[in-house]
Amino acid sequence: MITNITRTLTMLAAGVVFFAACQKAVEFKKFESDADVPRIALADAKKDFDAGKVVFIDSRAEPAFKSEHIAGALNVAFGNEEPKVDAIPIGKKIIVYCS
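Everything in the sequence shown is counted per the working numbering, starting at 1 for the first residue and increasing by one.
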């Protein structure tokens, strides 16, 4: 037997899912030159990382990533046929780096 509370919670959850699915996707932006790419200061990046607001993406090839990388960084190598984009958390600022 479904109670009014269960029915209300189910409808509320369905509404939240529907609303979230209707949000506009972030548009891909291609930069014309390196000078156009946004930069972040190391201190600001560390502060945001420590607060859990960002994820670091290492764009180097897997062997270079395995030899050393920022703790907690994900390896999404540039030019991979199957990039691991599903592993990137939604809702966090993304900082891509290579060295």
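Among the hints, erroneous ones may be present.
To be verified - Straight-line Cα separation of at most 30 Å, DSBU-like style, residue types lysine-lysine; simulated pairs:
| no. | residue 1 | residue 2 |
| --- | --- | --- |
| 1 | 93 | 66 |
| 2 | 53 | 66 |
| 3 | 46 | 93 |
| 4 | 93 | 53 |
| 5 | 46 | 92 |
| 6 | 66 | 46 |
To be verified - Cβ pair distances, simulated, as ranges:
| no. | residue 1 | residue 2 | range |
| --- | --- | --- | --- |
| 7 | 71 | 32 | 31 to 37 Å |
| 8 | 87 | 33 | 17 to 23 Å |
| 9 | 37 | 85 | 18 to 24 Å |
| 10 | 91 | 35 | 16 to 22 Å |
| 11 | 66 | 36 | 27 to 33 Å |
| 12 | 30 | 67 | 15 to 21 Å |
Everything labelled a hint here was simulated from the structure, so no lab data went into it.
Glycine included, every Cβ here is placed at the ideal spot set by N, Cα and C.
Point to revise | Ascending list of hint numbers which this structure does not respect | key: Those not satisfied are hints 8, 10 and 12.
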